[in-house]
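Number of protein chains: 2
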Amino acid sequence: MKDLYFITSNKGKYKEVANKLIEADFKVIQKNLGYPEVQANSLEDVVNFGVSYILERFHKPFIIEDAGIFIKNLNDFPGVYSADVFYKIGCKGILKLLDGIKKDRGACFKSVIAYVNSDKQIHVFAGECFGHIGFEEVGDNGFGYDPVFIPKCENKTFAEMTVDEKNRFSHRGNSLDRLLGFIKE
Amino acid sequence: MKDLYFITSNKGKYKEVANKLIEADFKVIQKNLGYPEVQANSLEDVVNFGVSYILERFHKPFIIEDAGIFIKNLNDFPGVYSADVFYKIGCKGILKLLDGIKKDRGACFKSVIAYVNSDKQIHVFAGECFGHIGFEEVGDNGFGYDPVFIPKCENKTFAEMTVDEKNRFSHRGNSLDRLLGFIKE
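If you read the protein sequences in the order shown, they are chains X and H. If you count by the numbering used here, then the first sequence holds residues 13 to 197, one letter each, in order. If you count by the numbering used here, then the second sequence holds residues 13 to 197, one letter each, in order.
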């Protein structure tokens, strides 16, 4: 098994990723190194900036991941600031912002992973889950915006699904699948 | 006159600062160097991170400035992300988020300036302007959140004031005054 460091402070994410990458014979090790997340328009920019910062300070193969929800009618708000915005205005704030909007409530959850191999080559993988914002908070599972996000062709929110159900659609499952495909090659 | 570089892409801010610092016999030169603005809880953190980045790349005395509006009832949203949030949801978004809130609409505009002298010593100055968010957009002057911000003890928004009137209250005028006081010492 090869060692691969996942630079994150998020235990939940770590478990999800470690479980998945064992398939490719990687032993994923959580490393809470801390790195700056830059204000930017895209998750790719945030992740690329993080990679440059880490590359100067850490010299083993690693991955980082960033995710967010992009709401079309709000010009992609909260996007790269999803986590911070959630702590400030929550799902209630998102519902208020979409108040009076009946149809155009499309949203996309996105995850971007950067993988830096032992030759310090950088590979970036994105995963998306399209859907829409419901009219109220429903369900107790998951976290963050899960109670208001309904994936395409479904009528349940992420927060009404079991972990397995959610993983079938998940943006992070998706970006991880792409990373996995690349590593297996 | 001593040269002082203002690292900014914002010409309006540059003029305001140049005008003010001429008092202290500084010739302010605009330098559009570009530096990362980090995701953080405070403007001080954003500015300090910017300073470290610039210090590694630029070796003359300089200042940088960052500003934002912190709305109490929204847990200080939009705060350090004020500019980005404005481009996405605008004043209309802020009014929607405060919909139904009659009294508790307090807000604070804040400006933080970092000054790095020729000995590379860093000095940070903050300026604030307290007030509240009105119930609708009023006035055509100013920019950003000015049409919804009413400073304390006033009944006009920033966007209803002339530049001179606004400057009496302004958070940036305030942080600049503090920098000026320090430089004159």
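It is possible that part of the hints are untrue.
No copy labels: a pair is met if it fits in one copy or bridges any two.
List time: in silico DMTMM-like cross-link candidates among lysine to aspartate or glutamate, alpha-carbon distance up to 25 Å [unchecked claim]:
1. LYS100 <-> ASP88
2. LYS196 <-> GLU149
3. LYS43 <-> GLU172
4. LYS164 <-> ASP111
5. LYS25 <-> GLU35
If you are wondering where the hints come from, they were derived from the structure by calculation, not from laboratory data. Since the structure is predicted, the reported quantities are computational estimates derived from the model, not experimental observations.
Going down the list of hints, with the structure as the test:
1. In this assembly of identical chains, the alpha carbons of LYS100 and ASP88 lie at most 25 Å apart whether taken from the same copy (17 Å) or from different copies (7 Å).
2. In this homomeric assembly, LYS196 and GLU149 never come within 25 Å of each other (Cα to Cα): the closest approach is 39 Å inside a single copy and 56 Å across copies.
3. In the homo-oligomer, the alpha carbons of LYS43 and GLU172 never lie at most 25 Å apart, since the shortest distance is 32 Å inside one protomer and 52 Å across protomers.
4. With identical chains, the CA atoms of LYS164 and ASP111 are at most 25 Å apart within one copy only, with a shortest distance of 21 Å there and 30 Å across copies.
5. For the identical chains of this complex, LYS25 and GLU35 are intra-copy neighbours only, at 17 Å inside a copy versus 54 Å across copies, given an alpha-carbon limit of 25 Å.
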